[in-house]
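Okay, here's what each chain looks like letter by letter:
4 protein chains.
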Amino acid sequence: MERIIVNQYKKPKLNNPVLIGGLPGIGNVGKIAAEYLIEKLKMEKLADVFSQYLPPQVFIDDNSVVKLVRNSLYYKKFPKKNDLLVLVGDFQGTTQEGQYEMSYFILELAKTFNVSLVYTLGGYSTGKIVETPRVLGAVTNSELLQNLLDSGVVFPKGEPGGGIVGSAGVMLGLGKELFDFKGACLMGETSGYFADPKGAKEVVKVLKNLLGLEVDISDLEERSRQIEQITERMQEDVQAKIQQKDDLGYFG
Amino acid sequence: MERIIVNQYKKPKLNNPVLIGGLPGIGNVGKIAAEYLIEKLKMEKLADVFSQYLPPQVFIDDNSVVKLVRNSLYYKKFPKKNDLLVLVGDFQGTTQEGQYEMSYFILELAKTFNVSLVYTLGGYSTGKIVETPRVLGAVTNSELLQNLLDSGVVFPKGEPGGGIVGSAGVMLGLGKELFDFKGACLMGETSGYFADPKGAKEVVKVLKNLLGLEVDISDLEERSRQIEQITERMQEDVQAKIQQKDDLGYFG
Amino acid sequence: MERIIVNQYKKPKLNNPVLIGGLPGIGNVGKIAAEYLIEKLKMEKLADVFSQYLPPQVFIDDNSVVKLVRNSLYYKKFPKKNDLLVLVGDFQGTTQEGQYEMSYFILELAKTFNVSLVYTLGGYSTGKIVETPRVLGAVTNSELLQNLLDSGVVFPKGEPGGGIVGSAGVMLGLGKELFDFKGACLMGETSGYFADPKGAKEVVKVLKNLLGLEVDISDLEERSRQIEQITERMQEDVQAKIQQKDDLGYFG
Amino acid sequence: MERIIVNQYKKPKLNNPVLIGGLPGIGNVGKIAAEYLIEKLKMEKLADVFSQYLPPQVFIDDNSVVKLVRNSLYYKKFPKKNDLLVLVGDFQGTTQEGQYEMSYFILELAKTFNVSLVYTLGGYSTGKIVETPRVLGAVTNSELLQNLLDSGVVFPKGEPGGGIVGSAGVMLGLGKELFDFKGACLMGETSGYFADPKGAKEVVKVLKNLLGLEVDISDLEERSRQIEQITERMQEDVQAKIQQKDDLGYFG
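Chains as they are written, first to last, in our numbering: chain A, 215 to 466; chain B, 215 to 466; chain C, 215 to 466; chain D, 215 to 466.
The shape of chain A in the complex, shown without the other chains:
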């Protein structure tokens, strides 16, 4: 079999579409943000991508129907601005080769729709609960910096220290070097301990500004509040247990 196989369902004419990459990763920030856009913008599925670079696995839905793991592209046409392409998926390529091949394949497909600008979404792990997550950025070309700064992205020097590993990095890197694409990686801060809608919310807010999208983010706000309540309760529990231990200690 071909190592990567695409089932393309639509052949829309797109107007300078922006490609947004939102595969699973740290805190699933990128995936949550991208799937939120697809849902709220009622985007249409363009293609499914199957590959031996993904796990050999099917999921089973509530109707007992199997679904082979995949990456998928969705699109949306806008009358007066750049159209949109969004990449989501069940997994990133699971090997080094798979990371490169999958990213290259998506970029090649995107090129057929005249994409020249790519935003990859990801999480930036802080290792602790963050009150108001920032969105960190990295760019392919420095002329993109101002626009991102204006949209609320921050660029702290030396962060992330180890660069960007995985799809969010490789798509930018290959895009820049081999496709002459411009773009940026937008990383929402997250503890990294669970799927994190709070970081995703901040990423979506940046994208709204950047692309002039009209997206109601109240659902993400609601999900963030729920997560906050859960984590607060967990922290109280931990606190209580520590207190209890201290109390016992006094009697000990």
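Simulated from the structure, these hints should not be mistaken for lab results. Possibly wrong hints are sitting among the right ones.
Pairs involving identical chains hold if they fit within one copy or between any two copies, as the list cannot separate such chains.
Below, a list of computed lysine-lysine pairs in the DSS-like style, where the Cα atoms sit at most 27 Å apart [to be verified]: (1) K281 - K396; (2) K291 - K371; (3) K281 - K371; (4) K371 - K422; (5) K396 - K259; (6) K224 - K396.
Got chain A; can you put chains B, C and D on it based on the hints?
For chains B, C and D alone, kept in the frame of chain A given last:
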């Protein structure tokens, strides 16, 4: 060398054959069931499949003759109903790539015989001894559900939670997405601790119903009884030791 | 680069040559035996095989000259009997794919010299020092059994239990299934704890009988005696220490 | 995508250039030495090499601009002697296959510039701090030995015992066997515990002699002194702590 090489021994004309996949897996349920069909239906070997996706190994039979590890296809023609193709083998593909390539290869070969319906067999691990194993199912298309329910398959929501990993899943997934095949996975419950004829027996019973096969299952029943006796004796031993320990405890 | 690259130095016309495979393995029995034949029969190098299936490594000889790791084929013409091809090397293919590809490549090359009979050499690990190692066999076709029995090979039922893993097995398996070669694996017993000339000596004796070769085995006998002395001394040391401990025990 | 992709920026006509390989490795000796040459000789970039044999990663520079990991070739023309090609990079190929493929690719590219002599640079781990590191050598052909000895390289018998693993070895090995290149590996001694300019300085000194280069090594000397001071201070700290412990011991 080609990554997968087939030695095809026969070129039968088959009438809408159903493909049954029974490679080794959890409790070897699928393999035991498939090999039982081949034996009882006196099926003929159609082809051997060799591959670098299988371990680099030969087995040695009782006559000191080597046998390179392989997957094999058997067939059986029936006068008044769908013919049958059964896949068995020593191993599943040992890598992610191997899983996809081997499954794709078999599906492609099956297509040359006009297969359009696939049942993959497997085990569903319960982690404990099961009195009367159920056969869980998952389908490629919901219109297959009723027929399977009528044949004794159950579809508990949310099971298996992690989907289906390996050949039994990938053959269905690739079959559905790239070959337009329909099909189902039939998973016999098993403790998963040993090769389990009990789960296999239930899977064979479902297949008899589904395909209208005449297969005497008394051998599988006999082997199940033997396994039951062994496990009962083991449980009694364990029980006795626990009792002994308790008794000693009283004296301690 | 090609995954396997051959530098062929000679193009001899060979008369129904027998291929002998002696790559490193358990106790290096096969490698020692094959290298001994090359030395004693003054065989000529036919080809070097380089490959990315071998470690990325050069050795350095006593003159500080590097030598890329490789497999090599040697040949010898005999006036009145089958000519000989012997395969030796620094490593076996290091991956599953490498095992298949390297074996297939050698078989293909051997076929160009009209090879149709293959003996692969190996060790059979007993886990303890063996006084007089047997040579165990496994064959591609049962009509070869008698000839091997006459040459001193034994065929105990159920040994080796797990079959034969690696080059010695795959060359036979692929040879039989895809090249229509006949052949056998000859496994000299060895403790498996060190490079073992004793097992190799027995394998060479079998080959002498099988192929009617005139090979002086006194060097292997000498090296075996040396190894025996070393292991005896080690055993005495161990014995002495155990005794000492016991003695101390009496005083303790 | 192609497994290795080159972006070649220049097409200079080079006069019998010598290729120097300085990828990361033990103590990063080779990389430090090669990068020093590029800086001090003001070499120009010839090409970037991207590959799925390198980690799927981008680095981020101080301007928040991403840089896909790569290997790079630099060149320098000299009026009256051999021109120079220097290979540096972020990583060596990360797999066995990658090691061979990357080395082969660079050699092939080098051949288009009429390279026939290759020096690969590396570190030789001593496991302890070395006062005056030696530069050990290994050659493709013994006629190169005298010239290297004259330039200060030493060839102690049996060192390095395990040969040379990785790019520095494979480039020589493949170069010799498949490209008819001559060359040597130059290994600067290093503790191997940190990036080590001291070993690199000695390697650069050898290269100056060998190639008649005019390179000011005072910066490497300065960096070596800094490293020495740091390691001395660390050793004093360790010594002090041992003393302290002993002192406490006396009071204990």
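Would you pick out the hints that fail for this structure and give their numbers low to high? Of the numbered hints given earlier, the structure breaks just one, which is hint 2.
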